[in-house]
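Based on the hints, put chain Y in the right spot on chain X.
Listed below, chain by chain, are the residues.
2 protein chains.
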Amino acid sequence: MVKIEAKAVVIFEKGKLPEVLKEHTFTVDTDAIGEYQVVGESRGSPVNVSDLAQTGHAYKSQPTWTTELGGGRLAVLGNEGAFEIIAVGKGVTDFEVGDIVIPNRPSFGTWRSHIVETCEPGKHLPLRCVSSHKNPGLTAEQASTIRVNPSTAYDLVNDYIKDWDPNGNDWIIQSGGNSQVGKYLVQFAKLRNIKTISIIRHGKPDHDEIVKELKDLGATHVITDVEAASDKFKNEIVPSWVGSGAIRLATDCVGGDTFRTLSEYLTGDYMTDPRRPYLVTYGFVGSFDVNISGIDILSKGIIIAPYWLTSKTRLKREEAIHTLEEVSRLIIEGKIKHVPFVTHKYDAKVGWLNTYLMAIRDISKGKQVVTYK
Amino acid sequence: MVKIEAKAVVIFEKGKLPEVLKEHTFTVDTDAIGEYQVVGESRGSPVNVSDLAQTGHAYKSQPTWTTELGGGRLAVLGNEGAFEIIAVGKGVTDFEVGDIVIPNRPSFGTWRSHIVETCEPGKHLPLRCVSSHKNPGLTAEQASTIRVNPSTAYDLVNDYIKDWDPNGNDWIIQSGGNSQVGKYLVQFAKLRNIKTISIIRHGKPDHDEIVKELKDLGATHVITDVEAASDKFKNEIVPSWVGSGAIRLATDCVGGDTFRTLSEYLTGDYMTDPRRPYLVTYGFVGSFDVNISGIDILSKGIIIAPYWLTSKTRLKREEAIHTLEEVSRLIIEGKIKHVPFVTHKYDAKVGWLNTYLMAIRDISKGKQVVTYK
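Residue numbers (the working numbering), protein chains in the order written: chain X, 122 to 494; chain Y, 122 to 494.
Hint data in this document are derived by calculation from the structure and do not stem from the laboratory. Any given hint might turn out to be false.
Pairs count within a copy or across copies, as identical chains cannot be separated in the list.
What the hints assert, rightly or not - Computed list of lysine-lysine pairs in BS3-like fashion (alpha-carbon distance at most 27 Å, straight line): (1) K283 / K437; (2) K355 / K181; (3) K353 / K181; (4) K466 / K124; (5) K137 / K181; (6) K283 / K433; (7) K255 / K311; (8) K255 / K494; (9) K311 / K283.
Computed from a predicted model, the values in this text were never measured in an experiment.
Bound-form chain X, shown alone:
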């Protein structure tokens, strides 16, 4: 009988961060699992801003409440992560010990050391195998962050503009160039011969290294937000780069003035060119208020649209799975490089919750992932 003392970061009710976060301990007995159950052990679960938002009252995406982990009604946080299968019930046909799996449903609750899931043949599986002994695929490290950032980047490139020019005359301009999404986006764009302008924040001490990293990943140009807001870049420098090409897509995760700045770079002529430039917003770190010149909307024919992966996962399941499969394939084939993240290795002396709290503390410094072993 292998009884594991498993740990999770949970909430018992919605409320203020970080007080509302609690450490919950529960027991997993790998010998006592059901015929169709599997046990997985965490190989990495990231801290995303959207995970934290689920603790708030206003956020639309709800965590999954459960009483199955003991201790009353609670919800495990975390939407993304990778687990290794360490035990399977005797009726399980879809998974084997050693498989690397990721969640196959929204609000899975990934901030835990172990999962126990029922995988009945013929029913919707709660997990998705991304690597097995028979069919090696993603590493656990790749798998742990594949669902959110790479999928978002892939969809931003592919869901709005459908007729990208294969000859390299089309461009994307993006804010958040130094984010994980930004780093994947330039790679997906380059694969389709789309040129990119990535905007990063002015005054970073490691500016030159950031630029080098982004260019190594495939960014065509990297500029700062101060440069992007300047007339010189708007009227001279960027036009000289783009030439007779077109900036057909702007993606924004900042909001506020950045939103408008991006719109000013878009190319379009509503009167003579049937192609519509898109300004896609997928988040805000600045002001929630966005503004734009109505003249730009009408004269360029700009369409403004939202992107939210969670919505797509819920409402367009098949399309979201297609994205995941494409992203996985490209990473496995080595066409898309895995973007490194910061890991917080669990230490029993520090504790499970504290490990996550350290990751949360560092969230503004880049992608943070908690690893169990």
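Below, chain Y alone, put in the same frame as chain X:
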């Protein structure tokens, strides 16, 4: 030999209004026209803001420059109007004397008493017959304003939301409720069982008559812009009207704060409802700057898109013709009421240009149409 002294309002170069507008006289000899030519006499040509905008340097839609009317290179203003055919060349098979016709190309130049057009069989016809002795259709009055306002209203209702609920649970909210477009929009919406909220300006002396007129045309509710901006209407009154229905489309011709107000009324849940609410802008009488809460875009899944009839006429000719045919059919069948306009009857003593200048002067008072006879 019937020599007609024809008149037109033209520009010789772009520049400031109204100085740049000139009266031009040219001769039309109905006995000396070519084998495939027709002569038409004006039965009404409206003054649209977009016509005037074509005199400016920045406007994207260009007037048509010609040297065929004598006096050097000039452009006749006006994009919309109806003409009656008064003479046809012996080879003309598509038109007969007495036909009511409208332009079949953008930037036609309708601000003139007479037109001479070449209508060769098998080639693209510059005119479109909307009523003939054999096949009576639109009256000249209906035809003179059918192209811009009714077509715009029809497209606003039909081009963005494709899956309107036939059972009356879907709503449109629109600014400019008292405009020609607004008056046609409520009619097209009602035909499809879509409910409408029309916003009109606060403080109009004839407020009650306007509300009565709009309701007679089919508007479900009429509110003022002051009411629309109030919390009481946002949080209580309009929600009580809409109930479990959805405001799926907002159309704006005002800009500025009105744009944001409209966005706040839209119904949508990006997480749970695959239907996307649309905020469509088709012009500005207020500020060109528009703003919106990014939270609304992301949580409701709002798509912001432009509408510009001229763009559609140029880039999607077949669709624009389909709209015109549908609008004509509905007017002829009596399902859509013609919305009255103000006429300025030409008086030789006043002059052709001065007649248009009076119409331009009154442009803010409603649709102005110059009639020749």
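How the hints compare with the structure:
Taking the shortest Cα distances, K283 and K437 sit within 27 Å of each other both inside one copy (18 Å) and across copies (18 Å). Proximity of K355 and K181 under a CA criterion of 27 Å is satisfied inter-copy only: 20 Å between copies versus 37 Å inside one chain copy. For a Cα distance limit of 27 Å, the shortest separation of K353 from K181 across copies, 24 Å, qualifies, whereas the shortest one inside one copy, 41 Å, does not. Proximity of K466 and K124 under a CA criterion of 27 Å is satisfied intra-copy only: 22 Å inside one chain copy versus 95 Å between copies.
Only within a single protomer do K137 and K181 lie at most 27 Å apart by alpha-carbon distance; the minimum there is 16 Å, versus 52 Å between protomers. In this assembly of identical chains, the alpha carbons of K283 and K433 lie at most 27 Å apart whether taken from the same copy (17 Å) or from different copies (20 Å). Neither within a single protomer nor between protomers do K255 and K311 lie at most 27 Å apart by alpha-carbon distance, with minima of 32 Å and 61 Å respectively. Taking CA atoms no more than 27 Å apart as the test, K255 paired with K494 passes inside one copy only; the shortest distance there is 24 Å, against 87 Å between copies.
Proximity of K311 to K283 under the C-alpha cut-off of 27 Å is restricted to the intra-copy arrangement: shortest distance 15 Å within a copy versus 35 Å between copies.
Violated hints amount to a single one, hint 7; each of the other numbered hints is respected by the structure.
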